[in-house]
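Novice: Please work from the sequences and hints to get the whole structure.
Okay, here's what each chain looks like letter by letter:
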Amino acid sequence: MSSRPVWLERFFHRADELGAHELSWLDSSPVAPKPSASSETKELLAVRLGEERYVLPIERVREIVKVPVLTWVPPVQPGLLGVMNLRGEVLPVYDVKPRLSLSDVARVVTGPGDASRESRVVLVRDDAGDAGVLVDAVQGVVRLAADAVEPPPPGAGDRSVIAGLGRLQGELYIVLDVGGVLP
Amino acid sequence: MSPPRAADDFLAEAQEIVETLGRDLLVLDEQRGQEADPDLLNGIFRAAHSLKGLASMFGFEAIAQLAHRAEDLLDGVRLGKVPLDDRTLDALIEALDVLQAQLAEVAKGQLAGPAGARAQAMAERLAQLAPGEAQMAAADPLEGLGVDASVRAVLTEYEEHRLRDNLRKGVLIWKVRAEFALDDFDQKLAALNAALKPLGEVVSTLPSSRPGEDATIAFDLLFAGKRPRAEIEAQATTFGAEVAPLGDHSQVRPSAPVTPLPVARPSMTLAQAPAPVEPELSVRSLTQTVRVDIGRLDALMNAVGELALIKANLQRLAEVARTATAALPGRWGQELHVEARALERRLEELQQGILDVRMVPLGQVFDKLARLLRRLVRESGKEVQFDIRGGDVELDKLIVEELSDPLMHLLRNALDHGAEPKAAREAQGKPGRATIRLAAWQQGNHVLIEVGDDGAGMNEPKIREVALARGLVNDERLAELSRQEVLKLVFLPGFSTRESVTELSGRGVGLDVVKTNLARLSGLIDVSSEPGQGTTFVLTLPLTLAVLRALVVEVSGKVWAVPLNSVLEIVAVSDEDLRTVERREVISLRGQTVPFVRLARLFGLPERPLEKHQVVVVGLAQQRVGLAVDALLGQQDVVTKPLGGRLAKVPGVAGATDLGNRRTVLVLDVASLMEDFLRPRSRALP
Chain B
1 MSSRPVWLER FFHRADELGA HELSWLDSSP VAPKPSASSE TKELLAVRLG
51 EERYVLPIER VREIVKVPVL TWVPPVQPGL LGVMNLRGEV LPVYDVKPRL
101 SLSDVARVVT GPGDASRESR VVLVRDDAGD AGVLVDAVQG VVRLAADAVE
151 PPPPGAGDRS VIAGLGRLQG ELYIVLDVGG VLP
Chain L
184 MSPPRAADDF LAEAQEIVET LGRDLLVLDE QRGQEADPDL LNGIFRAAHS
234 LKGLASMFGF EAIAQLAHRA EDLLDGVRLG KVPLDDRTLD ALIEALDVLQ
284 AQLAEVAKGQ LAGPAGARAQ AMAERLAQLA PGEAQMAAAD PLEGLGVDAS
334 VRAVLTEYEE HRLRDNLRKG VLIWKVRAEF ALDDFDQKLA ALNAALKPLG
384 EVVSTLPSSR PGEDATIAFD LLFAGKRPRA EIEAQATTFG AEVAPLGDHS
434 QVRPSAPVTP LPVARPSMTL AQAPAPVEPE LSVRSLTQTV RVDIGRLDAL
484 MNAVGELALI KANLQRLAEV ARTATAALPG RWGQELHVEA RALERRLEEL
534 QQGILDVRMV PLGQVFDKLA RLLRRLVRES GKEVQFDIRG GDVELDKLIV
584 EELSDPLMHL LRNALDHGAE PKAAREAQGK PGRATIRLAA WQQGNHVLIE
634 VGDDGAGMNE PKIREVALAR GLVNDERLAE LSRQEVLKLV FLPGFSTRES
684 VTELSGRGVG LDVVKTNLAR LSGLIDVSSE PGQGTTFVLT LPLTLAVLRA
734 LVVEVSGKVW AVPLNSVLEI VAVSDEDLRT VERREVISLR GQTVPFVRLA
784 RLFGLPERPL EKHQVVVVGL AQQRVGLAVD ALLGQQDVVT KPLGGRLAKV
834 PGVAGATDLG NRRTVLVLDV ASLMEDFLRP RSRALP
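Chains B and L, in that order, are what the protein sequence lines are. Note that our numbering has the first sequence beginning at 1, numbered continuously upward. Note that our numbering has the second sequence beginning at 184, numbered continuously upward.
Because the hints were derived from the structure by calculation, they are not lab data. Please note that the accuracy of each hint is not assured.
What the hints assert, rightly or not - With a straight-line cut-off of 25 Å between C-alpha atoms, the simulated SDA-like cross-links for lysine to any residue are: (1) K741/L to L86/B; (2) K832/L to R107/B; (3) K832/L to P98/B; (4) K66/B to R829/L; (5) K371/L to T388/L; (6) K66/B to V742/L; (7) K832/L to R99/B; (8) K832/L to G88/B; (9) K741/L to P75/B; (10) K380/L to Q214/L; (11) K291/L to A195/L.
Claimed, not checked - So the derived list for chain B, only partly shown, Cβ under 7 Å to chain L, looks like this: (12) T71; (13) V73; (14) A131.
Stated by the list, open to error - Some chain L residues flagged as far from chain B (calculated, every beta-carbon gap over 12 Å): (15) F241; (16) T399; (17) G516; (18) Q517; (19) G654; (20) T699; (21) V710.
These numbers were taken from a predicted model, which means no experiment stands behind them. Yeah, the Cβ is synthetic: ideal placement off N, Cα and C, and Gly gets one too.
Specialist: This is the structure in structure tokens:
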């Protein structure tokens, strides 16, 4: 746990040309995979929502920020917490827990004071417009072999929200469908 | 599909040329039947020539070909080989429309659109009008001029033509010899040309046959003087120039025109009649380009340079603070304060500079409107004169673009429904020719644009009838309305439908659309009309949309910004002042009943019990609404940002803005709010 902020920081600031062998520091992280021999791997950002662990494709992640002050807007969409100002750009921020059936009540979060210290807003790219997703914690990056991701079994949850299930070293990762989880 | 960059470059430049062409052709059009200004003709010829070159450089062969044909025809016209009659002028004006359609297709990325075929036909038509060889009159008046053969050899065909043309009209030709010092001869020569221009035409400037002394250069100007010799000499001698007659002046007399240019108006055959203006024809620009005076960019550059200096100072101060071991000296705080003030001022300059760059003269759109309208007038068969003023008034580019369609709408209405036919006008004792006015002027932070006519005026009984038939007002209410209030009914959505256009002899053709477009620009529209005297629409627009002055208010603990340009006044009312009409709260404002909207309730927020309500009275277009807020916090300049793609349509919210100190607040969308509130049935806010 203690090493996480450091390597996360390093992950987001690494030079593009770093080769796989230079990513060995990932091995020290709790969720780091063993580089698999041949199969194609995907990088995913692992986040905690409630007690469950979700991953979302790293290419959909634009930025991770601490919970900012949110400005109230009329509740025109479910889960809409408000808008935040990201260096002059106005972006909506959503609580996706009700959508994932992790909570029944819509939370009211207006700023850092309403969220835990580990909470973050993950800014995701989406064709309908970028948005922020409030998560309880950011846990790191996992690399999953493409063939290690299986479609969600029937009845395991809302298919339009979950893109698949990944397994790695005995851990279960729920791959989020970013477009589907946003209203 | 967006066109590639090269096409953008082409479009920006081509459109500028086409606009120049349009403006100049418009002048020719206004002077129909008169002698055309040779400089103007020459300018039009050169514009066509540039367009041809530009189009072929970028590989737009169809455009190049049409421009080429137009150039040929114009060359004939400027050389006097082709008469500038209605047929030629109409063909040129139509060719311009085709060129514009072609450019529009390029902008849309259509490579083989319908304009291609039109261009082909147009090019052939122009080619038919262009001169064949050898139409020149046999006797050459130039022979008698006594110009050296060596001089004649260097005169261009055009210059020869101008000499001939002047001689034919009995204008005397003078040789003005001027000698200037080498170091500033170009300025002096330009000044001499400018001084002579009012007195006639400088046909050619040649090196003098009598060379000047050392360090000077001498010119012979062939000058066709329309004024007496004394006047020409008076001007010339101030430049130390000598004036001598060229040729035998006693023999040249204002002879009967040798070949009078046929200015007769041939009856048009069907094929030659100008194509009707397409209804969807828009005068919007094809590109988003703004042409900027370099001076304005210099000012920006300056401001940025100053900012860099301030940044360096701030860095130094930060370094001092970082490395300080003891308490910072008091001087440090003062310096920081000074830099902060300087930063504020420079940023203001930068902001103003950016706003200036966005400003374009309204003339850009006025010219296009005038050209289009002139064509519509010709088709309508009415006699109309235009009075266009204020083309130099500047507005934000965005607003100017958005304005073009509403203005066209209003002008068309003025022509179709305002201006009466000549006979009808004369029967009322009015001048036979109707006037349509288009004027702009600046008033404080707003620009006012007036579209008016001196026609029949709006038909009040008819408007009452239609409003009643469409259920916009009930009988009782209608009886109470004054004429002015009745006129405003035409702006209501649903007042006019397409079907009603012809049956409705008054106005109201899609005026609600005009109103909506204006509301989007935070603009107001007002109408006044007197029977028999005409109708005038006045549009009030903010100078710019980029930065808005906003009233900052508090509603249920949340801060909002209300664009100040829609705020009319602020009043305080207590609960006793509230009345209800059809279960809706209203207040009475100097006799006018204004809907009272509790913003907190509208947005589903808890309401605070208050002794007195602060009511912000907002108005857009014709409507007024009082918005109840909890407190007024002040005024501030704000830059409205959209809420982002996912929240494009939040009722009542135009966007968000940063109030400084990193507080983001919502900007109230007065237009959509009023729309929602004033719509009879649904109030679709959450």
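Novice: Take the hints in turn and mark each one as holding or not.
Specialist: Evaluated hints:
Between the alpha carbons of K741/L and L86/B the distance comes to roughly 20 Å, so the proposed pair stays at or under 25 Å and holds. A C-alpha spacing of about 23 Å is found between K832/L and R107/B, which places the hinted pair at or below 25 Å, so the restraint holds. Only pairs whose Cα atoms come within 25 Å are accepted, and K832/L paired with P98/B is accepted, the gap being roughly 23 Å. With a C-alpha separation of about 22 Å, the suggested pairing of K66/B with R829/L holds against the 25 Å cut-off.
For the hint linking K371/L to T388/L, the alpha-carbon distance of about 13 Å falls within 25 Å, and the restraint holds. Between K66/B and V742/L, the direct Cα distance comes to roughly 23 Å. Compliance with the 25 Å bound is thereby established for this hinted pair. A distance of roughly 22 Å separates the Cα atoms of K832/L and R99/B; the hinted pair therefore holds under the 25 Å criterion. Between K832/L and G88/B the alpha-carbon distance is near 20 Å, which keeps this suggested pair within the 25 Å criterion.
Under the criterion of a C-alpha separation no larger than 25 Å, the hint pairing K741/L with P75/B is consistent with the structure, at around 14 Å. The suggested pairing of K380/L with Q214/L holds, with an alpha-carbon distance near 20 Å, which does not exceed 25 Å. A distance of roughly 14 Å separates the Cα atoms of K291/L and A195/L; the hinted pair therefore holds under the 25 Å criterion. Checking T71/B against chain L: minimum C-beta separation of about 4 Å stays under 7 Å; hint holds.
Against a cut-off of 7 Å between C-beta atoms, the interface hint on V73/B holds, since the closest Cβ of chain L lies about 6 Å away. Taking 7 Å as the C-beta contact cut-off toward chain L, the hint placing A131/B at the interface holds, the least distance being around 6 Å. Non-interface status of F241/L relative to chain B is upheld: no Cβ of that chain comes within 12 Å, the nearest being about 33 Å off. Annotated as non-interface, T399/L keeps its C-beta farther than 12 Å from every C-beta of chain B; the closest such distance is 62 Å.
In this structure G516/L is separated from chain B by more than 12 Å, as the shortest Cβ-Cβ distance comes to about 28 Å. Remark: the non-interface label on Q517/L is consistent with the geometry, its nearest Cβ contact in chain B lying 31 Å away (cut-off 12 Å). With a cut of 12 Å on Cβ distances, G654/L stays outside the contact zone with chain B, its closest approach being about 31 Å. Against the 12 Å criterion, T699/L stays outside the reach of chain B, whose nearest CB is about 22 Å from its own CB.
The Cβ of V710/L lies farther than 12 Å from every Cβ of chain B, with a closest approach of about 34 Å, so its non-interface assignment holds.
In the structure shown, no violation is registered for any of the earlier numbered hints.
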